[in-house]
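So the chains spell out like this:
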Amino acid sequence: MTSSTLTRVSPTRTVPLQRKLRGWKGARRWVLPIAGLAVIIIFVIPYIVMLLDAFRPSSEVLATPPTFLPKTWSLQAFSQVIADPSFHNWLTSSLIVAVSSTIIVIVVAIPAAYFTARFKFKGRMAFLGLVVVTQMFAPTSLVVGIYREFYDLGLINTYTSLILTDAAFNLAFALWILQGFFSAIPKEIEEAAWIDGASHLGTMMRIMLPLTLPGIVTAVTFTFIAAWNEYVVALTLIQSDNLKPLTVGINSYVTQYQQNWSQMFAASLIAIVPVVILFALIEKHLIGGMTAGAVK
Amino acid sequence: MSASNVVAPPTTPTRKRPVRAGIRKARRGQARWAIYLIVPSIVLLAVVIGYPVVSAIIMSFQKDAGLDPATGLFVQGGFAGFENYAHWLLQQCMNASGQTISCPPGNLGSQFWNAVSVTFFFTAVTVVVETALGMWFAFIMNRTFRGRALVRAAILVPWAIPTAVTAKLWFFIFSVAGVANAVLNTHILWVSDEWASRFAVIIADTWKTTPFMALLILAGLQVIPEEVYEAAKVDGATSWQRFWQVTLPLIRPALLVAVLFRVLDALRIYDLPAILTHGGGGTGNATTTLSILVVDQIRQGFNSASALSTITFIIIFIVAFIFVRILGTNVVRTQEAQQKGAK
Numbered sequence: 001m002t003s004s005t006l007t008r009v010s011p012t013r014t015v016p017l018q019r020k021l022r023g024w025k026g027a028r029r030w031v032l033p034i035a036g037l038a039v040i041i042i043f044v045i046p047y048i049v050m051l052l053d054a055f056r057p058s059s060e061v062l063a064t065p066p067t068f069l070p071k072t073w074s075l076q077a078f079s080q081v082i083a084d085p086s087f088h089n090w091l092t093s094s095l096i097v098a099v100s101s102t103i104i105v106i107v108v109a110i111p112a113a114y115f116t117a118r119f120k121f122k123g124r125m126a127f128l129g130l131v132v133v134t135q136m137f138a139p140t141s142l143v144v145g146i147y148r149e150f151y152d153l154g155l156i157n158t159y160t161s162l163i164l165t166d167a168a169f170n171l172a173f174a175l176w177i178l179q180g181f182f183s184a185i186p187k188e189i190e191e192a193a194w195i196d197g198a199s200h201l202g203t204m205m206r207i208m209l210p211l212t213l214p215g216i217v218t219a220v221t222f223t224f225i226a227a228w229n230e231y232v233v234a235l236t237l238i239q240s241d242n243l244k245p246l247t248v249g250i251n252s253y254v255t256q257y258q259q260n261w262s263q264m265f266a267a268s269l270i271a272i273v274p275v276v277i278l279f280a281l282i283e284k285h286l287i288g289g290m291t292a293g294a295v296k
Numbered sequence: 001m002s003a004s005n006v007v008a009p010p011t012t013p014t015r016k017r018p019v020r021a022g023i024r025k026a027r028r029g030q031a032r033w034a035i036y037l038i039v040p041s042i043v044l045l046a047v048v049i050g051y052p053v054v055s056a057i058i059m060s061f062q063k064d065a066g067l068d069p070a071t072g073l074f075v076q077g078g079f080a081g082f083e084n085y086a087h088w089l090l091q092q093c094m095n096a097s098g099q100t101i102s103c104p105p106g107n108l109g110s111q112f113w114n115a116v117s118v119t120f121f122f123t124a125v126t127v128v129v130e131t132a133l134g135m136w137f138a139f140i141m142n143r144t145f146r147g148r149a150l151v152r153a154a155i156l157v158p159w160a161i162p163t164a165v166t167a168k169l170w171f172f173i174f175s176v177a178g179v180a181n182a183v184l185n186t187h188i189l190w191v192s193d194e195w196a197s198r199f200a201v202i203i204a205d206t207w208k209t210t211p212f213m214a215l216l217i218l219a220g221l222q223v224i225p226e227e228v229y230e231a232a233k234v235d236g237a238t239s240w241q242r243f244w245q246v247t248l249p250l251i252r253p254a255l256l257v258a259v260l261f262r263v264l265d266a267l268r269i270y271d272l273p274a275i276l277t278h279g280g281g282g283t284g285n286a287t288t289t290l291s292i293l294v295v296d297q298i299r300q301g302f303n304s305a306s307a308l309s310t311i312t313f314i315i316i317f318i319v320a321f322i323f324v325r326i327l328g329t330n331v332v333r334t335q336e337a338q339q340k341g342a343k
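The listed protein sequences correspond, in order, to chains Y and A. Here the first sequence stands for residues 1 to 296, where the numbers follow this note's numbering. Here the second sequence stands for residues 1 to 343, where the numbers follow this note's numbering.
It should be emphasised that the hints constitute simulated quantities derived from the structure, not laboratory data. Computed from a predicted structure; not experimentally measured. Ideal placement from N, C-alpha and C gives every residue a C-beta, glycine not left out.
Partial list, computed: chain A residues near chain Y (C-beta under 10 Å):
(1) 50
(2) 52
(3) 211
(4) 269
Pair by pair, the computed Cβ-Cβ distance ranges are:
(5) 92/Y to 230/A: 52 to 58 Å
(6) 188/Y to 121/A: 51 to 57 Å
(7) 79/A to 188/Y: 56 to 62 Å
(8) 121/A to 152/Y: 34 to 40 Å
(9) 79/A to 86/Y: 41 to 47 Å
Calculated Cβ distances over 10 Å to all of chain Y for the following chain A residues:
(10) 79
(11) 128
(12) 232
(13) 243
Just chain Y, same shape as in the assembly (with noise of 0.2 Å):
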């Protein structure tokens, strides 16, 4: 690209307006890359020191002067949190309240997606408005109601109340995704499907779902992500330890009385470890998948 602007360089009157370009386009070779190394270092220095003092012993972390590098390296926070039966329970709460709520809004986006994409039934655009409206609606502002509703169905520490709250509040999101990606499959191709004598539901699996797989996938990560991450609901609904999620149950880690910020800081490194991998898979798909809706 540069090559061909260099060689077009001639001893014109052209000269200073090629000249221009030329160091526009030289420097920004650099200055990007420079940019966004600066961008870098500014958003994960707060993880690196998550990391550093997740390798030091307790006592060395809350030590004055602080020193960049862990004095002594230690993976003594790792091993204590991995043996702390308390954390393996908060580590299978979270787990199973992601993956059940992810399911749920899966199962449930689809078939609604698939229908409002489809038919252009009377109440289309209300429905859709509606959904967008409870979006509006955080966790945080409903929190009494639902602890109440939830009190009086018993249901109050329990999963299945967390899993619940987590697949409603995140189904708008995914229905509105998984809605532009049926939309943008043709017709034709669903008929053609019909014609050869496919069911309803063999379409349904054998076609229309590989054709949305990138819209499945974003609307996966976003609710996994969101299920993972969750704190207000999980803490008003959930009483007993061991119920307890990750976001909840690590905070036991750093209090008043004790201040065990290696543990802390390891519990939360294995905490982020689901969520960036799963990040760093999709990451690609994800601004697509945001943005397409198409068949490509």
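Fit chain A to the supplied structure of chain Y, relying on the hints for placement.
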């Protein structure tokens, strides 16, 4: 009903007719049962979101059950009128003999207007900063350069990490002998000083949520075809002009939707101030937002907490309404256009 009927010319060869009719019949038959496809969604939304909204509104007009001050008997509460709302909006409390007095300081009721202004302050500052930064990040992520995948990942990861973890992490960074003070060579009481604690919340929130803004703005940027920029370049527009007169108008709808979602989200901020400053900061309420007040109130009485949460979502509705009516943010249409445009 289906587009194919309209498009099909009347001269369609007759042998195709039965097939078309068959499809039409299948479609009509399908329409009848297909309505059940949205039933699970409606049920889930009604049970987990619809019912709590309605019950919160009903509860907000009820009295707390307790001992009747006049008779000393246990009473089931009953209709309270706007009493619970007056508690928050006008700081009216009940004294022991059942008379209405203005709330004593320290009562949660007297923190209402403070919480409102703290919430709006956080919302205004974080949304402005995050939009500006998010736009810059989106431009970076939209360019092609070496190491772009790495930059994208680094920008997006903070958003994928639990807020609870983020808040604890920043709590550590902002502790008195912590990293922030060490780097800045200061001794600021980040989590307990009135203004420092507010800025600590804002910094942490910006770090956490800018990626989300960047992602939404990037989605809008990617819809703009390259030809538009080329045309502007040919016409001799400077990069500054290209930004203000080409990019900005074109991403306006996506940007407004992103800002709207962000504003609605920021108005409900809970986790960060709750964990980072223990819901206090300063004299104990420098970072108390409306959501924190709601959760605190749950322990002191459902009905009053319901009134407060109803007030909170009325505020959120008004803000959303202003966005939709005045700025013309059309969430439904923008998302559909984005999805179509990217085809």
